[in-house]
Structures are given as C-alpha cells and as structure tokens.
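K.L.:
This is what each chain is made of:
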Amino acid sequence: MKLLSRRIWGEEKMLNIKNLCAFYGSIQALYDIDIEVQEGTIVCLIGANGAGKTSLLKSISGMVQHSGTIEWNGEDITNYNSVQIARRGIMHVPEGRHVFPGLTVEENLEVGTINWRGFFGKRRDADELTYVYDMFPRLKERRKQLSWSLSGGEQQMLAIGRALMGRPKILLLDEPSMGLAPLVIEELFEKIVAINKKGTPILMVEQNASMALEISDYAYVINQGSIEISGAAKDVACDDRVINAYLGVHAGQC
Amino acid sequence: MNIGLYLQLLVIGLSMGMIYAILAMGIVLLVRAVGVLNFAQGELFMLGAYVCYALTVQLHMPIYVMLIVALLIFVLFGTLFMFAVYWPLRNSKWPATIIISTLGASVVLKEVVKLIWGSVPVVQPPIIKGVLVLWGNVRIEYQYLFIIGIGSLLITAVFLLFDKLFLGRAMQAAAQDSYAAQLLGIPTIVTTALTYIISASLVGVGGWLVSPLFLVSTSLGSFLLKGFAGMVIGGLGDVKGAVIGSLLVGVIESFATLFTATYKDAVVFSVLIIVLIVRPTGFFGQKISEKV
Ligand SMILES: Nc1ncnc2c1ncn2[C@@H]1O[C@H](COP(=O)(O)OP(=O)(O)O)[C@@H](O)[C@H]1O
Ligand SMILES: [Mg+2]
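Chains as they are written, first to last, in my numbering: chain V, 3 to 256; chain A, 15 to 306.
None of these hints come from the bench; they were simulated from the model. It is possible that some hints are incorrect.
Over 12 Å on every C-beta distance to chain V, these chain A residues come out as not near it, computed from the model [stated by the list, open to error]:
#1 G49
#2 A68
#3 E155
#4 Q157
#5 I211
Computed footprint of chain A on chain V; a stretch qualifies when at least three of its residues, placed anywhere within it, have a C-beta under 8 Å from a C-beta of chain A [claimed, not checked]:
#6 82-88
#7 115-123
Each residue gets a CB set at the ideal place from its N, CA and C atoms; glycine is no exception.
Sequences and hints are given; from them, build the entire structure.
P.N.:
Okay, structure coming up:
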C-alpha cells in the first residue's frame, strides 16, 4: 500500500530528467531521454558501445551541451556548470576512473572534499576518510602510494572513494567494471550495494548487463541515443529483446 | 687564489641558474596545467624587466611601492594572457593551435615593448649596490647574492604552495586530470588562471632581478632558451628537475667562461645534447608513466 502511494505521487523522485537531448557540436548523441531516480535506489542504464550512456551522465554533471530539463529534488539544474552540480552532492565517477596519477591515494581522497570544503576551508574529513577506508581497506593499506601504481580494481575503488569524500547525495557510476577481472568485479559490485544500503542512491552505467540488472531496482536500456526499454530491473532482465541483445547466455531465470 | 675565482664563478653561475630556474618553473607549471609550451614566456620575462624599469627609473617609485605595483601588473598580465592566448582555444582539436598562439603573443609583446620604450636598450641601476670582498681579493657583487636569495625564496614559495596548501593540491589535481577535477567540483578556470598568474609573476620578478646585470632590451626574451635547456636537462614536466637542471645550466655556463667566453652558450647546449643522448627523459624524467 505504501509502495503504491509512492508510485502514484512520485514524491521520492530525487533526479528527474525530461526530454534530454545532448550535442557534441553538430552531432546529436541523445534524443528526448526521460529518466528518474528515486530515493535510496540503484538504477542502471545499459546499452551498447556508443549508445549514449556516458553522454547522459555528462549531461547531468554539466560536461556536455544539452537541452531538456534536469531536476534535482525539485530544483532545475539543467544549466548549472560542473562546479554547481558537484556542490549539490551529485558525484560523477567517470568512465576509465581518472584518478590523479601523481597524487597519493590519500591526496586523491582529500581532493574529493573540494566540493564542500572549497579552496581554503579547514580540513574536516576524518569521518569521510574513515567511511572510505572501512569500505575499501585496500586503499588504506596503500594510502601513501602514488595512484598511477595501483591496479585497475584499486583505481576504480579510489575513484569511487574519492567521490564518497564529496558527501554524495547521489553517485553516478560510469562503467565501474570496465577492464576488471571477474572476481574483482564481484567484489566491486558488493561494495556498490553496500554503499547504496547506507543510503546513497546510485545511477550506474554498465555494459556488464547481467550483473548490473542483478543489483539494480530499476533499469533503462538505451539504444542509439533513445530509451528503448525501461522497467523494474527484474522485468527488464526477462525482456526477450534484452536477453537477445545484452544477456545471451548470462540470462537468469525468469 | 683559484678557490676565490671558483667561488666567484659559482656565485655567478648559481644566480644565473636561479633566473633560468624561475623561467623553467614558469614553463613547467603551464605545461602541466594546460599541456602547452608557452613560447611567450621569455617576452613576459622581458616585459617584467621593462615594467620594473618604468616604475623605478621613469616613475621614481621607491622599491616597496614598485614591487607591489609591479606584482599587481604581473597578475593582470597573467590573467590577460590566459584569456587572450589560451582560453578561447582550449577546446581546439589541434593542440598546435595554442602553441602558435603563444608564438604570436611573443611577437606582439616584443613589438609593443618597442613601440613604448623604443628599440634602444635602457639601463636599470642595481637593486642592491656594493661588492662583497672576501680574503682581500675575491669580489662578489651583492646583486648576485640578492638574486640567489630572492630566487630561493620564490622557488620555496612555489613548492610550499603545491606541497602544503589544499589550494595547491587542487591545482595539481586539475593539472593532472582536468576532466576529473571538474567532476569533483574544482573550478578549473580558477586553477588555470592562478597558474598563469603565478607563472607570469615568477618570470616578471625574474626580469626585474636580472635587469641590472644586462641592458634592458627585447633580447632579454632569449633567456628563455636557457630555461628550456634547464627544463629538458632536468626532465620535462617535473618542477624539481627543472630547478636543478637550470641551476646546473647556470653553473656550467659560468665555469665555461674559464675556457671560452664567446662560446659559453655552445658549451651549455652541447651538454644539453649529451644529456639528451644519454638520458632522453632528462635526469628526473617522467616518474609518472603515461597510463591510458
Ligand atoms: N567528444 C565527442 N565528440 C563527438 N562525438 C562524441 C563525443 N563523445 C561521444 N560522441 C558520440 O556520442 C555518441 C554517444 O557516445 P557515448 O555517450 O560516449 O556512448 P557510450 O558511453 O554509451 O559508449 C557516440 O555516437 C559517440 O560517437
Ligand atoms: Mg561510455
């Protein structure tokens, strides 16, 4: 009953995107995308290479030219720049990790506090640091190490940890599993679920569709810049088109 | 008595090395922050000398007032330079565009200086007058010691900024990965502008320091070559390496005059070539391997 009323009133929508189009100069990458993320959920966005997944996240974080409306807790943030977006706790962990190679692990994490600390604020990140190190003990072991020397999985954890330092109200994860070994991916997805359990909603882009659908509440399938299929993750996982195009032998039981 | 001569040469070499280090540091900071060699750095250096000449000799300002006004002017130069030469082209698909624009800026600056001050070199009196005499016969001009002092101060200040201040850390981050920095909420326009301001102020002060030793003329811009040499010997992209390499260049050049005064530049650049052959990445070359 409670669930029903939520659905009807849509009162828990945090992120609400309508008619989003994105452009790289004259090239249009997204066409009239509608997406929403509700409080506390994991939403995944699956699609082939070049479908527009990254462009969607970049539009939210103000890194690509776009039109339409993007609402954040009722506030119209469509035309905000990346600094204003980050200040609202919308933390985008980019595809390919992008850790700061010449900074140590701990320095990378410290830089993650810039959105609430500013250039000259006092360092008050002990709680955040404890949270990140509890979540990723490996980062604590390597905290004095320059981050280029980390393994791919560790770099991904650092990139997520760095975003956690920014007191995220939502995490946008772009292909966190890219290029990682299956065991590492499994560990990473457990951490993502754990972070979500602590209350942070997550919008995740993945090519690893089966695992992403498994941990998600809601899913969107994007193809050539448009949303093709959307629904509860377990329904999407059973959609024939999704099984054929994205899951194949990895399809679960329906 | 030879010890005295060597001491003299060492002091002169170190002081010139400080000047090259200031130039090289300015270039390296920009290379790291925006990925572009700034060929107008030498002209900003020359402009620094002219600005200080104008404030001291033409406007008769006392040194403290002069320094404050000059610094404000350098800050303005750095900002203007960034918004005129770099910012409009930052998204250009062809990286050489910005390099060419810095070359253009160097020509423009040289011509503007000629328009204002003419092409006849002008003379800047020493900032600190007098000579230190050791053991009765070793004479070292205070100006050289002054350069070493101020140079060390500036270099230390830059290291402290990047090592100790959160602002410096954020600037480093933005320099290493501007995209990630923006996603975290670092205003990269501010960090980039600050880098230009620091770079322009460094070389501006460098121009002031060196101006009493040479005639103030547009050929001061050619000092940039020695800064480049120091930077390459130290290892491209590393600030510490650039400083050490530049000091080395200064000392080598100074001691080269023992054998030949005319060809001291040739000696410096021969060393540069040898270093490049033996260690193509310089002495402190890229510790950060380029991971894609
Ligand atoms: N910087 C860019 N310049 C021009 N076109 C781009 C750029 N980035 C992406 N695109 C185009 O936008 C489309 C979507 O790309 P992207 O969002 O990166 O896809 P995905 O993340 O799903 O692989 C692709 O057709 C791609 O060619
Ligand atoms: Mg992508």
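K.L.:
Please go over all the hints and tell whether each is borne out by the structure.
P.N.:
Comparing the hints with the structure gives:
no., hint, in the structure
1, G49, "holds, 14 Å"
2, A68, "holds, 34 Å"
3, E155, "holds, 40 Å"
4, Q157, "holds, 37 Å"
5, I211, "holds, 14 Å"
6, 82-88, "holds (count 4)"
7, 115-123, "holds (count 6)"
Violated hints: none; the structure is consistent with every hint.
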